[in-house]
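Chemist: One letter stands for each residue in the lines below.
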Amino acid sequence: MNNNKIDLSSIELSTNVANPKQLRQCDISAFDAIYLGDFSCMDYPNNFSSHPELLADAVAEIHNAGKKAYLRIYATPGNEDLPEVQAMLDAALALPFNALEVHNLGVLRMLKERGNSTPIHLGVFGNLYTDATARVLKDYGVERVYPNPELSLKEIVYIRDNTPVEVLFPVHGKIPLVISETCFIVENSQCATQKVNPRGKLVCDFPCNQDYWLNRSNGGWVLKDTGRMTLSGKDLCMIEHMPELLQQGLCCFYVQSHGETPEYVAETGRLYRAAIERALATDALPGPSGVETLSQLAKEGLCNGYYFEGAGQTYVGREQRLGA
Amino acid sequence: MVMMMAPGGTKEMAMRVLDAGADSTYVGVKGWSRRGNAEELPDDQIHEVIDYARARDKNVRIVVNTLPSSTEIPMFMERVKMYHEWGATGFMISDIGCMQLVRDQIPTAEVHTSVGCGIVNYADVHFLTELGATYVVLPYRLSVAEIEAIKRENPNTGIEVFLFKTPSGGKICPGKCMMSSYFSFERTLDEEGKDLFFGSASRGGDCLRVCQTEWDLETEAQRHQQEITIKSNPSLWLTELPAYLKAGVGCLKVPGRDRSVELVCDITNVYRRAVDEILGSDAPKLMPLERELQALRERWKAERNNRDDGLISSALAASNRALVADAIGY
Numbered sequence: 043m044n045n046n047k048i049d050l051s052s053i054e055l056s057t058n059v060a061n062p063k064q065l066r067q068c069d070i071s072a073f074d075a076i077y078l079g080d081f082s083c084m085d086y087p088n089n090f091s092s093h094p095e096l097l098a099d100a101v102a103e104i105h106n107a108g109k110k111a112y113l114r115i116y117a118t119p120g121n122e123d124l125p126e127v128q129a130m131l132d133a134a135l136a137l138p139f140n141a142l143e144v145h146n147l148g149v150l151r152m153l154k155e156r157g158n159s160t161p162i163h164l165g166v167f168g169n170l171y172t173d174a175t176a177r178v179l180k181d182y183g184v185e186r187v188y189p190n191p192e193l194s195l196k197e198i199v200y201i202r203d204n205t206p207v208e209v210l211f212p213v214h215g216k217i218p219l220v221i222s223e224t225c226f227i228v229e230n231s232q233c234a235t236q237k238v239n240p241r242g243k244l245v246c247d248f249p250c251n252q253d254y255w256l257n258r259s260n261g262g263w264v265l266k267d268t269g270r271m272t273l274s275g276k277d278l279c280m281i282e283h284m285p286e287l288l289q290q291g292l293c294c295f296y297v298q299s300h301g302e303t304p305e306y307v308a309e310t311g312r313l314y315r316a317a318i319e320r321a322l323a324t325d326a327l328p329g330p331s332g333v334e335t336l337s338q339l340a341k342e343g344l345c346n347g348y349y350f351e352g353a354g355q356t357y358v359g360r361e362q363r364l365g366a
Numbered sequence: 000m001v002m003m004m005a006p007g008g009t010k011e012m013a014m015r016v017l018d019a020g021a022d023s024t025y026v027g028v029k030g031w032s033r034r035g036n037a038e039e040l041p042d043d044q045i046h047e048v049i050d051y052a053r054a055r056d057k058n059v060r061i062v063v064n065t066l067p068s069s070t071e072i073p074m075f076m077e078r079v080k081m082y083h084e085w086g087a088t089g090f091m092i093s094d095i096g097c098m099q100l101v102r103d104q105i106p107t108a109e110v111h112t113s114v115g116c117g118i119v120n121y122a123d124v125h126f127l128t129e130l131g132a133t134y135v136v137l138p139y140r141l142s143v144a145e146i147e148a149i150k151r152e153n154p155n156t157g158i159e160v161f162l163f164k165t166p167s168g169g170k171i172c173p174g175k176c177m178m179s180s181y182f183s184f185e186r187t188l189d190e191e192g193k194d195l196f197f198g199s200a201s202r203g204g205d206c207l208r209v210c211q212t213e214w215d216l217e218t219e220a221q222r223h224q225q226e227i228t229i230k231s232n233p234s235l236w237l238t239e240l241p242a243y244l245k246a247g248v249g250c251l252k253v254p255g256r257d258r259s260v261e262l263v264c265d266i267t268n269v270y271r272r273a274v275d276e277i278l279g280s281d282a283p284k285l286m287p288l289e290r291e292l293q294a295l296r297e298r299w300k301a302e303r304n305n306r307d308d309g310l311i312s313s314a315l316a317a318s319n320r321a322l323v324a325d326a327i328g329y
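Just so you know, the sequences run in chain order A and B.
Taking my numbering, the leading residue of the first sequence gets 43, the next gets one more, and so forth.
Taking my numbering, the leading residue of the second sequence gets 0, the next gets one more, and so forth.
Think of the hints as simulated: they come from the structure by calculation, not from any bench.
Do not rely on the hints blindly, as some may be mistaken.
Reference listing, derived: stretches of chain A covered by chain B, where coverage requires no fewer than 3 residues with Cβ under 8 angstroms from a Cβ of chain B [stated by the list, open to error]:
#1 110-124
#2 128-134
A short, non-exhaustive set of chain B residues, derived as facing chain A with CB atoms under 10 angstroms [stated by the list, open to error]:
#3 Ser69
#4 Leu100
#5 Asn120
#6 Leu141
#7 Val143
#8 Ile149
#9 Tyr181
#10 Asp189
#11 Glu217
#12 Val260
#13 Glu261
#14 Asp265
#15 Tyr329
Where a beta carbon is used, it is the ideal one built from N, C-alpha and C, also for glycine.
Sequences and hints are given; from them, build the entire structure.
Modeler: Following this line, the structure appears as structure tokens:
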């Protein structure tokens with residue numbers, strides 16, 4: 043399918059990388075931009091979101107590879123976390139990040155108060171549902187929004203068309219469904235050991251290095267839990283629908299890879315890159331979309347999230363969509 | 000002076016809580032609040048409740064705290080203007096865009112930020128105050144010390160707290176949770192063209208409480224039955240009330256739009272006496288009231304369990320409908 047509005051140079055495919063180890067292990071060559079850091083857990087080892095000393099090297103490495111570097115700021119800071127967030131902002135704003143991703147309205151206001159001019163991206167837990175909200179956020183320096191996962195494709199396109207902000211469009215990966223202030227795995231897993239330091243604080247030995255699943259005891263429902271975030275059990279997958287998304291003029295695509303393996307990051311990136319190139323090519327031959335491969339990477343199967351107006355867990359194929 | 004608000008899940012409940020000592024009642028608009036249709040009121044009943052309250056020198060707050068579709072906002076503003084003309088005093092709102100529109104177009108209306116805003120720190124309250132919030136409702140999970148810090152940082156913002164709470168920590172709900180809609184979301188338009196967003200509390204449907212069924216937390220290596228719930232439930236509290244009032248809380252909110260009229264009136268009555276006791280005495284005696292509340296907690300739990308069972312069943316049914324429609328099966 044051809045599109046005369048979009049060419050390859052205006053497309054951005056991005057994903058997330060939590061720490062230097064993942065950055066070393068992951069082949070990110072298919073991506074144009076990287077969201078650095080895990081916004082859900084400040085304690086995660088060497089998390090870019092809580093280790094200012096790691097940022098300069100990372101941003102240089104990503105820029106040297108010709109990609110954009112965005113930094114994720116902790117999503118749910120309590121009163122006592124705000125000084126640490128402030129220190130992170132100090133460090134980040136001294137570096138050439140292309141944008142900061144912010145989920146918390148309080149942090150957004152802190153940035154405005156200090157006269158920040160680095161572009162801001164609103165994160166998934168920023169509760170962006172309406173064009174009216176996007177306009178309020180624009181006044182706080184927000185240039186791009188991650189729409190709430192509950193929005194349909196139509197609602198997202200409406201916001202893109204009627205506001206001065208850009209929309210990020212997640213095309214693949216498990217959907218963030220709820221965020222926590224404390225670690226669900228440490229609190230509930232029989233495998234995790236609970237150690238307490240002399241100050242009475244729970245010490246974490248990172249059980250989240252394994253995959254944890256929440257299965258409804260009587261069957262039917264599965265979720266993935268990464269400790270401070272619960273994700274959909276199924277993987278959002280829009281690869282069959284890339285021609286439609288490109289035709290709608292969407293151009294910032296995102297693979298949500300929190301808690302996934304380096305192989306997953308490399309493979310999804312490669313397949314989506316290919317899907318975008320194929321959709322934009324004038325002489326592309328019909329070929330496999332890649333959905334079969336992605337299905338094999340998804341332990342609990344695939345879904346389309348809420349894009350086609352149904353429950354997040356449903357999957358609508360290309361042919362069904364064309365028939366509708 | 001502290002304002003005590005109590006729920007109006009039905010017209011009868013709204014009127015009776017005012018008789019039981021509430022200063023104000025809050026009522027949800029059909030399709031526009033974070034509850035199912037059964038606990039929301041049609042417009043003619045909202046009008047009656049406003050007249051009833053005003054005749055008694057009390058007031059009504061309108062719950063319009065859904066996160067709507069962009070194209071529904073004109074409908075939202077039309078409604079808010081209508082209720083304001085009828086004499087409603089304040090509006091509970093989640094969407095910050097809608098909040099700013101109300102502030103700009105109806106400057107005399109009081110704006111309560113809804114629990115759907117998911118406040119976690121005092122800087123959030125700075126943001127919402129700047130946007131024009133009269134009251135911010137704090138989540139169920141904050142300690143007295145955290146509330147004090149928020150009030151200290153925001154001395155001119157009205158602080159509203161629920162009279163029930165969860166232990167601190169855990170999943171952030173309401174305000175940052177989409178588990179219910181992931182399994183059960185269905186979009187349907189009512190006769191006025193409002194999407195009811197079944198299965199999504201944030202969008203105006205009901206939270207179907209999927210966190211409250213039994214779950215097992217498992218790894219690849221370890222499979223075992225645990226039957227935990229994903230989230231703990233809030234419960235009614237009392238003994239900290241003097242500390243909350245001292246911290247500068249200006250509005251107390253009795254929960255229970257989806258509970259029975261009798262239970263909600265009994266709870267309202269206990270809290271009315273508690274507030275009067277605290278305001279009227281240097282050494283308030285709360286123990287007798289705490290004993291009364293204990294019985295109410297039991298009734299609350301029984302009603303909640305009953306209701307949760309029904310909601311989880313409807314989530315399972317909706318989830319099955321969604322999966323039948325999903326014929327590809329990747």
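Chemist: Hint by hint, say whether it matches the structure.
Modeler: So, going through the hints one by one against the coordinates:
1. Given as covered by chain B, the stretch 110-124 of chain A passes the check, having 6 residues with a CB less than 8 angstroms from a CB of that chain where 3 are the minimum.
2. Counting residues of the stretch 128-134 of chain A whose beta-carbon sits less than 8 angstroms from any beta-carbon of chain B gives 0, not enough to reach three: the coverage restraint is violated.
3. Here the hint on B/Ser69 is kept, as its CB sits about 4 angstroms from the closest CB of chain A, short of 10 angstroms.
4. With 10 angstroms as the threshold, the beta carbon of B/Leu100 comes within range of chain A, its nearest partner Cβ sitting at about 6 angstroms, so the hint holds.
5. This hint holds: B/Asn120 has a C-beta 5 angstroms from the nearest C-beta of chain A, less than the 10 angstroms allowed.
6. Contact between B/Leu141 and chain A, as hinted, is supported at the beta carbon level, the nearest pair being about 9 angstroms apart and thus within 10 angstroms.
7. Because the beta carbon of B/Val143 sits about 13 angstroms from the nearest beta carbon in chain A, more than 10 angstroms, this interface hint is broken.
8. Hint on B/Ile149 holds. Least Cβ distance to chain A is approximately 7 angstroms, under the 10 angstroms limit.
9. Residue-level restraint check for B/Tyr181 holds (minimum Cβ-Cβ distance to chain A is 4 angstroms; threshold 10 angstroms).
10. A distance limit of 10 angstroms between C-beta atoms decides the matter here; for B/Asp189 the minimum to chain A is near 16 angstroms, and the interface restraint is violated.
11. The interface hint given for B/Glu217 is met, as the beta carbon of that residue sits about 5 angstroms from the closest beta carbon of chain A, less than 10 angstroms.
12. Nearest Cβ of chain A to the Cβ of B/Val260: about 32 angstroms, over the 10 angstroms cut. The hint is violated.
13. About 33 angstroms separates the beta-carbon of B/Glu261 from the nearest beta-carbon of chain A, more than 10 angstroms, and the hint is not met.
14. Because the closest C-beta pair between B/Asp265 and chain A is about 33 angstroms apart, greater than 10 angstroms, the hint is violated.
15. The interface hint given for B/Tyr329 holds, since its Cβ lies 4 angstroms from the closest Cβ of chain A, which is under the 10 angstroms cut-off.
In the structure shown, a violation is registered for the earlier hints numbered 2, 7, 10, 12, 13 and 14, in ascending order.
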